[in-house]
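K.L.:
Sequence:
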Amino acid sequence: MNRPIRHIAVFSGLLILALLLQTTWLQFKRTDELANHEKNTRVKIAAYAHPRGNIIVGGQPITGSVETDSTYYKYKRTFKDGAMYAPITGYSSQTYGSTHLEALNNKLLSGTDDRLFLQNTLDLFTGDDRRGGDVVTTIDPKAQKAAYEGLGDKTGAVVAIDPSTGKILALASTPSYDPSVFAGSTKKDSDAWDRLQKDKRKPMDNRALKLTYAPGSTFKVITAAAALEHGLYKDIDAPTRSPDPWTMPDTRVPLPNHSPTAPCKNASLNVAMQHSCNNVYGKVSSDLGKDDMRETAEKFGFNNPKVDTPTRAVESVFPDKMDRPQTAMSGIGQSSVRATPLQIAMMTAAIANDGKLMKPYMVDRLRDPDLDTLEKFEPKEMSEAVSEDTAKKVQKMMEDTAEKGTGRPGRISGVTVGAKTGTAQRGVNNNLPPLAWFISYAKQGDGSPVAVAVMIDPDDSIPRDQISGGGLAGPIAKKVMQAVLKK
1 MNRPIRHIAV FSGLLILALL LQTTWLQFKR TDELANHEKN TRVKIAAYAH
51 PRGNIIVGGQ PITGSVETDS TYYKYKRTFK DGAMYAPITG YSSQTYGSTH
101 LEALNNKLLS GTDDRLFLQN TLDLFTGDDR RGGDVVTTID PKAQKAAYEG
151 LGDKTGAVVA IDPSTGKILA LASTPSYDPS VFAGSTKKDS DAWDRLQKDK
201 RKPMDNRALK LTYAPGSTFK VITAAAALEH GLYKDIDAPT RSPDPWTMPD
251 TRVPLPNHSP TAPCKNASLN VAMQHSCNNV YGKVSSDLGK DDMRETAEKF
301 GFNNPKVDTP TRAVESVFPD KMDRPQTAMS GIGQSSVRAT PLQIAMMTAA
351 IANDGKLMKP YMVDRLRDPD LDTLEKFEPK EMSEAVSEDT AKKVQKMMED
401 TAEKGTGRPG RISGVTVGAK TGTAQRGVNN NLPPLAWFIS YAKQGDGSPV
451 AVAVMIDPDD SIPRDQISGG GLAGPIAKKV MQAVLKK
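Residue numbers (the numbering used here): 1 to 487.
Since the hints were derived computationally from the structure, they do not count as laboratory data. Note that beta-carbon positions come from the ideal geometry of N, C-alpha and C, so glycine has one too. One or more hints might be untrue.
Claimed, not checked - Cβ-Cβ distance ranges computed for the label pairs, FRET-style:
| no. | residue 1 | residue 2 | range |
| --- | --- | --- | --- |
| 1 | Ala-103 | Lys-198 | 20 to 30 Å |
| 2 | Arg-252 | Pro-310 | 41 to 51 Å |
| 3 | Arg-464 | Val-253 | 19 to 29 Å |
| 4 | Asp-237 | Thr-416 | 13 to 23 Å |
| 5 | Pro-379 | Ala-238 | 50 to 60 Å |
| 6 | Lys-202 | Glu-388 | 34 to 44 Å |
| 7 | Pro-305 | Leu-21 | 35 to 45 Å |
| 8 | Ala-103 | Pro-243 | 48 to 58 Å |
| 9 | Asp-114 | Gly-231 | 45 to 55 Å |
| 10 | Lys-202 | Pro-254 | 34 to 44 Å |
| 11 | Gly-289 | Arg-312 | 49 to 59 Å |
| 12 | Pro-249 | Asp-191 | 20 to 30 Å |
| 13 | Ser-336 | Leu-19 | 51 to 61 Å |
As the list claims (entries may be wrong) - Dumping the calculated BS3-like pairs for lysine-lysine here, alpha-carbon to alpha-carbon at most 30 Å:
| no. | residue 1 | residue 2 |
| --- | --- | --- |
| 14 | Lys-380 | Lys-142 |
| 15 | Lys-187 | Lys-299 |
| 16 | Lys-74 | Lys-234 |
| 17 | Lys-392 | Lys-202 |
| 18 | Lys-154 | Lys-392 |
| 19 | Lys-142 | Lys-486 |
| 20 | Lys-486 | Lys-154 |
| 21 | Lys-306 | Lys-404 |
| 22 | Lys-376 | Lys-356 |
| 23 | Lys-380 | Lys-107 |
| 24 | Lys-404 | Lys-376 |
| 25 | Lys-392 | Lys-356 |
| 26 | Lys-44 | Lys-202 |
| 27 | Lys-404 | Lys-154 |
| 28 | Lys-265 | Lys-142 |
| 29 | Lys-210 | Lys-187 |
| 30 | Lys-202 | Lys-306 |
| 31 | Lys-396 | Lys-487 |
| 32 | Lys-376 | Lys-145 |
| 33 | Lys-356 | Lys-380 |
| 34 | Lys-359 | Lys-145 |
Start from the sequences and build out the full structure, keeping to the hints where you can.
P.N.:
Next comes the structure, spelled out in structure tokens:
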């Protein structure tokens with residue numbers, strides 16, 4: 001063989017080797033990446049070639065699949081009571097992908113999960129179509145309905161949790177949207193998507209999990225817990241060292257109370273909770289300092305970027321760097337303190353559960369098409385937020401607040417209820433309508449089967465003097481608790 005031919009042969013061999021290596025790399029190393037790539041239309045076509053598995057609430061499917069006239073996609077997703085359950089299910093669209101439970105469980109729902117391999121193999125021999133598995137949720141349909149209908153046309157969110165397990169019983173966000181209207185790939189679907197994107201009320205925002213807000217006076221629950229845990233006060237009924245008016249440190253600015261006639265001067269932690277005294281809780285936070293306050297907040301779940309339900313919630317924040325006036329304001333849930341409604345429900349649930357914070361979750365189990373369980377999710381403790389002694393003292397304060405203070409709208413006949421209101425100021429010089437919060441839990445027997453957080457984001461149509469946590473959010477929390485208690 002002459003020299004030029006030998007060079008060509010060697011070069012050709014190297015090209016073939018490179019091709020083999022590249023093919024091997026694609027087949028074995030990048031299989032999942034390419035199979036799940038957003039531009040791989042063949043995978044998407046295959047995913048909609050058969051009915052999708054379902055998301056289950058209260059034993060019944062809240063999703064489905066229907067045949068279409070599409071050239072490429074044989075089936076599309078449908079949603080029952082789509083707007084009510086959208087913050088839980090998310091959407092599954094032939095054009096726009098998927099979110100929330102639909103996205104996180106896509107392989108199971110589409111029937112491509114490795115755990116369905118045996119089932120899919122048998123279907124090949126029997127000639128049956130591929131079938132997807134189901135996602136069984138922890139959601140209580142009556143509680144969810146009470147939350148969603150309670151919010152009505154308001155902008156807001158509701159989260160209800162079983163304190164002893166962490167099971168999410170309700171998770172609502174309004175305004176909402178129906179995922180069915182853009183589940184297909186027609187112009188009608190794209191027009192519906194465009195309308196939702198342009199809607200100024202942002203109906204596709206998940207306010208329960210994905211947005212944070214100033215928690216206002218609901219945060220006084222954590223401030224009270226911090227005062228007790230760090231030994232600043234031991235007796236919730238003893239007077240505090242809290243003048244009224246109280247001027248924040250390093251300023252000439254007094255921290256005003258909502259009611260000028262409330263008995264807030266040197267009020268005990270208990271009385272100050274009942275009347276939501278800012279001078280008491282602002283001074284408590286200032287006396288403790290930002291480090292002790294942050295330590296307690298973090299035990300309740302603040303500053304945790306990985307709270308998965310399994311849909312991941314955005315991080316609730318208690319700031320690391322604050323000056324002394326900001327630290328005082330943080331004690332009443334203002335300054336730069338930000339929280340999701342989920343986080344505030346977690347806080348409430350931890351107090352109701354004698355100080356133990358359970359991991360919040362909304363999927364009870366995953367099952368195959370024959371209804372056999374593939375994976376079961378069990379309760380997990382996230383942290384001991386506070387001692388049992390501290391939790392019981394804060395419970396007493398919240399129960400007195402429901403009985404004698406601002407939490408009265410949450411009361412239920414024959415049931416022990418603990419509650420706290422919150423009104424969070426917003427904007428420059430409070431030029432925006434304040435947020436209205438209400439948190440509560442209900443006790444039956446030895447335990448508390450439900451803790452609730454309700455947040456209302458009012459618009460300018462509601463007069464300022466009518467915006468309050470008790471007035472706007474309290475009745476919703478009560479209805480959700482009643483739905484769980486079957487009262």
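K.L.:
Going straight from one Cα to the other, do Lys-154 and Lys-392 come out at no more than 30 Å?
P.N.:
The hint is violated at about 34 Å.
K.L.:
Confirm or reject the claim that Arg-464 and Val-253 have a C-beta distance inside 19 to 29 Å.
P.N.:
Roughly 21 Å apart at Cβ, these two residues keep to the hinted range, so it holds.
K.L.:
Holds or violated: the 20 to 30 Å window for the beta-carbon distance between Ala-103 and Lys-198?
P.N.:
23 Å Cβ-Cβ, so the 20 to 30 Å window holds.
K.L.:
Does the alpha-carbon distance linking Lys-376 and Lys-145 stay inside the 30 Å limit?
P.N.:
At roughly 25 Å apart (the allowed maximum being 30 Å), Lys-145 and Lys-376 satisfy the hint.
K.L.:
Are the Cα atoms of Lys-486 and Lys-154 separated by 30 Å or less?
P.N.:
holds (25 Å)
K.L.:
Quick check: does the Cβ-Cβ distance between Asp-114 and Gly-231 fall within 45 to 55 Å?
P.N.:
holds (53 Å)
K.L.:
If I claimed the Cβ atoms of Ser-336 and Leu-19 lie 51 to 61 Å apart, would that claim hold in this structure?
P.N.:
The hinted range 51 to 61 Å holds for Ser-336 and Leu-19, with Cβ atoms some 57 Å apart.
K.L.:
Look at the Cβ atoms of Ala-103 and Pro-243 and judge whether their distance stays inside 48 to 58 Å.
P.N.:
At 54 Å between Cβs, range holds.
K.L.:
Using the beta carbons of Pro-249 and Asp-191, state whether their distance is inside 20 to 30 Å or not.
P.N.:
violated (56 Å)
K.L.:
Lys-306 and Lys-404: Cα distance at most 30 Å?
P.N.:
This hinted pair is violated, its Cα atoms lying about 38 Å apart.
K.L.:
Given the hinted pair Lys-380 and Lys-107, is their Cα-Cα distance within 30 Å?
P.N.:
Holds - the C-alpha atoms of Lys-107 and Lys-380 are around 25 Å apart, at most 30 Å.
K.L.:
Lys-404 and Lys-376: Cα distance at most 30 Å?
P.N.:
violated (43 Å)
Going through the hint list in order, the structure does not satisfy hints 5, 11, 12, 15, 16, 17, 18, 21, 24, 28.
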